[in-house]
Structure formats: C-alpha cells, structure tokens
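S.K.: Sequence:
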Amino acid sequence: MDLRALRQVTTVIRLESVTKAASELNVAQSALSRTIKMLEEELGIMLLVRHPRGVKATLEGAKFAEGAEAIIRLSEQLVDEARSHAAEPVGEIRLGYLPSTGDLFVGPLVAKFAAMHPKVSFKIKEGLTGELTNALLSGQLDVAIMMQNVRHQDLANLPLFSEDIWLASSKSIWPFKNRTSLQPNELAGLPLINAKFVGDALRRLNMHSKVQTASVVEGDIRAVAHSALNSDFGFVMMPAAWIADDVEKGRWKGARIEGLSVERGIFWRSDRPQSRAVVEIVKEVQKEALRQMKAFPGMLRKIDDV
Numbered sequence: 054m055d056l057r058a059l060r061q062v063t064t065v066i067r068l069e070s071v072t073k074a075a076s077e078l079n080v081a082q083s084a085l086s087r088t089i090k091m092l093e094e095e096l097g098i099m100l101l102v103r104h105p106r107g108v109k110a111t112l113e114g115a116k117f118a119e120g121a122e123a124i125i126r127l128s129e130q131l132v133d134e135a136r137s138h139a140a141e142p143v144g145e146i147r148l149g150y151l152p153s154t155g156d157l158f159v160g161p162l163v164a165k166f167a168a169m170h171p172k173v174s175f176k177i178k179e180g181l182t183g184e185l186t187n188a189l190l191s192g193q194l195d196v197a198i199m200m201q202n203v204r205h206q207d208l209a210n211l212p213l214f215s216e217d218i219w220l221a222s223s224k225s226i227w228p229f230k231n232r233t234s235l236q237p238n239e240l241a242g243l244p245l246i247n248a249k250f251v252g253d254a255l256r257r258l259n260m261h262s263k264v265q266t267a268s269v270v271e272g273d274i275r276a277v278a279h280s281a282l283n284s285d286f287g288f289v290m291m292p293a294a295w296i297a298d299d300v301e302k303g304r305w306k307g308a309r310i311e312g313l314s315v316e317r318g319i320f321w322r323s324d325r326p327q328s329r330a331v332v333e334i335v336k337e338v339q340k341e342a343l344r345q346m347k348a349f350p351g352m353l354r355k356i357d358d359v
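Read left to right, the sequence shown gives residues 54 to 359 (the numbering used here).
Keep in mind that the hints were calculated from the coordinates and are not lab data.
Accuracy of the hints is not assured; some may be wrong.
What the hints assert, rightly or not - If you anchor each label on the Cβ, the simulated ranges turn out as follows:
| id | residue 1 | residue 2 | range |
| --- | --- | --- | --- |
| 1 | D324 | L78 | 46 to 56 angstroms |
| 2 | A58 | F175 | 20 to 30 angstroms |
| 3 | M169 | R87 | 42 to 52 angstroms |
| 4 | Q339 | S83 | 42 to 52 angstroms |
| 5 | G312 | M99 | 50 to 60 angstroms |
As the list claims (entries may be wrong) - Pairs of lysine-lysine residues, derived as DSSO-like cross-links and limited to a Cα-Cα distance of at most 27 angstroms, are as follows:
| id | residue 1 | residue 2 |
| --- | --- | --- |
| 6 | K355 | K340 |
| 7 | K347 | K165 |
| 8 | K336 | K355 |
| 9 | K178 | K249 |
| 10 | K336 | K165 |
| 11 | K90 | K109 |
| 12 | K340 | K165 |
| 13 | K116 | K176 |
| 14 | K73 | K176 |
| 15 | K178 | K109 |
| 16 | K90 | K116 |
| 17 | K176 | K109 |
| 18 | K172 | K336 |
| 19 | K73 | K109 |
| 20 | K178 | K165 |
Cβ atoms here follow ideal geometry from the backbone N, Cα and C, with glycine treated the same way.
Could you put together the complete structure from these sequences and hints?
M.R.: Written out as structure tokens, the structure reads:
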C-alpha cells in the first residue's frame, strides 16, 4: 500500500465512479480497478459496491477513505514544509466559513494573508456549522470559522467575536418606525424567518423571559431570505453583518434585538499536527477579528464583553 494507491482509491470513492476517477488521475480504468482489487485483498474488506451508475463506498470503505485522506494530506504538508525556506508558510489552506462571515470577514482575511504569504493558496468552503464540523472531522478542511458552541474531543478552538442578531423586513410592513433596537418581547406575534442557530438562541432567551414567538420558516434560509425581505412575506432574523449594511442604505428596515447574539470561533483538528500555514492563518484570523470589532463596534464585540 502506497500513497499512489491511496490517492487512487480515495478519488474513486469521492467521485463514485471509476471512469471519472481514471480521467481525473490520467490512468487507465483497468489499472485503477486492479489497485482497488489489490487493496481489498490486502485489507480483507470490500471498499466499494458496484452498481449500474458507478460505485459507492461501503461503510468500511468510507472509513478507510477518511483515514487515507488524512495520510495524504499530512504527506503533502510534510513535503510543503520541507521545501519551505526559513519556515515560510507554503502549501494549501482549506478554509471553511459561515455564509454571514463571508463578505465581512473572510474576503479581507484571504486577501491580506495571500499578499503576505504568496506561496500559500486557499481552497474555501461556505457552509453551515454542521457541514463545516463534519468537513473538519473528515479531513476535508484544515480550519473553519463557525459557531463557537461546537464541542468535540478532536477539535480545538479559539473564540473570535460575538455578533448581534437583527430583525429586518420590507419597508411596507415594518411596524417599529425608526427605532434602532428592539426588545425580544416585541417579536411576539410576528411571522419570523430565521436560520436554526438564530431560532435556538431565541428559544434559549424565551425560556428566561417567558416570551412566546413563532418561526414560520426555519433552517437554511439563504434561498428565501432576500425574497422575503423584498416582499411582505415576513420578518427575517439574521446576524448583523448579513443585514445591517442594506438597512443603513435604506433598502430594508431593521433593528438590533437586545440580548440576542451569536458567538463565532475558529476551529481545527486537535489530534493531528498542523502545517505552518495553518498555524499562521489561525493567528491572522484572530487579528482580523480584532480589526473587524474595531471597525464595527455596534455589531461585533469580544465574547468576554457580552
């Protein structure tokens, strides 16, 4: 078993097709099939199940691929580090982030880091906290900026900032005139549209305040939020960075919800060695968080200040 074989098998499992994997790897399908058969015989397990549309990893195959990806990634990091001069960060950083942190946080971060370290490239993934957590644990990401409340024995993290939650709607249905902040009890009776993590935060707040609110749409609301805000469908609750700029420009009406916020953190695997590039991006993320808190004091705060 060597790295070449591991790369071939993981590519087949990722693409769920021997034909597509052979094309991507520029090897013959017959050679790829022989490698898979050899590994299955060596391990004494079935890695793949064949079907008319391609292949699917068995449970054992999926677990094997996860470990193989980690070995491949570590070997690439070792090569990158060995080639670097004076411990200069090199190689690829696979960075995950939440949708609401993209424009505000990740864009400036990547631009600055790439300028400082031209030998580093980025592969970025936008997703919700559950997706990003799974991607970290499966070895698909090196670091991720996500909800701070994630707990897992194989993940380390540092807190970044707390972000206010805002309520917004179209101008025609906004009932709060020009107010800049609202109490949670004023949300009672409103048709709310929110991401699940916002709904969870509101429910925790409601348990203490006895306020009764109801969401008409909850989940991954990225596809419907803008439509709702451009119509009279309901009231959207989202992190400030996603809403505040359009409210200030007069596109929508909105206000901060007192006592309602979400905390962000940066996470990485604690059970595996990290490349110099990953170590440096974690440091730069912390610096960028401080810069953003200074730039947007009304939206972002240190978690200790909440």
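S.K.: For every hint, state whether the structure bears it out.
M.R.: Hint check results:
{"no.": "1", "hint": "D324 - L78: 46 to 56 angstroms", "verdict": "29 angstroms, violated"}
{"no.": "2", "hint": "A58 - F175: 20 to 30 angstroms", "verdict": "28 angstroms, holds"}
{"no.": "3", "hint": "M169 - R87: 42 to 52 angstroms", "verdict": "45 angstroms, holds"}
{"no.": "4", "hint": "Q339 - S83: 42 to 52 angstroms", "verdict": "51 angstroms, holds"}
{"no.": "5", "hint": "G312 - M99: 50 to 60 angstroms", "verdict": "54 angstroms, holds"}
{"no.": "6", "hint": "K355 - K340", "verdict": "12 angstroms, holds"}
{"no.": "7", "hint": "K347 - K165", "verdict": "17 angstroms, holds"}
{"no.": "8", "hint": "K336 - K355", "verdict": "16 angstroms, holds"}
{"no.": "9", "hint": "K178 - K249", "verdict": "20 angstroms, holds"}
{"no.": "10", "hint": "K336 - K165", "verdict": "13 angstroms, holds"}
{"no.": "11", "hint": "K90 - K109", "verdict": "15 angstroms, holds"}
{"no.": "12", "hint": "K340 - K165", "verdict": "11 angstroms, holds"}
{"no.": "13", "hint": "K116 - K176", "verdict": "23 angstroms, holds"}
{"no.": "14", "hint": "K73 - K176", "verdict": "21 angstroms, holds"}
{"no.": "15", "hint": "K178 - K109", "verdict": "24 angstroms, holds"}
{"no.": "16", "hint": "K90 - K116", "verdict": "17 angstroms, holds"}
{"no.": "17", "hint": "K176 - K109", "verdict": "25 angstroms, holds"}
{"no.": "18", "hint": "K172 - K336", "verdict": "17 angstroms, holds"}
{"no.": "19", "hint": "K73 - K109", "verdict": "13 angstroms, holds"}
{"no.": "20", "hint": "K178 - K165", "verdict": "18 angstroms, holds"}
Hint 1 from the earlier list is the only one contradicted by this structure; the remaining hints agree with it.
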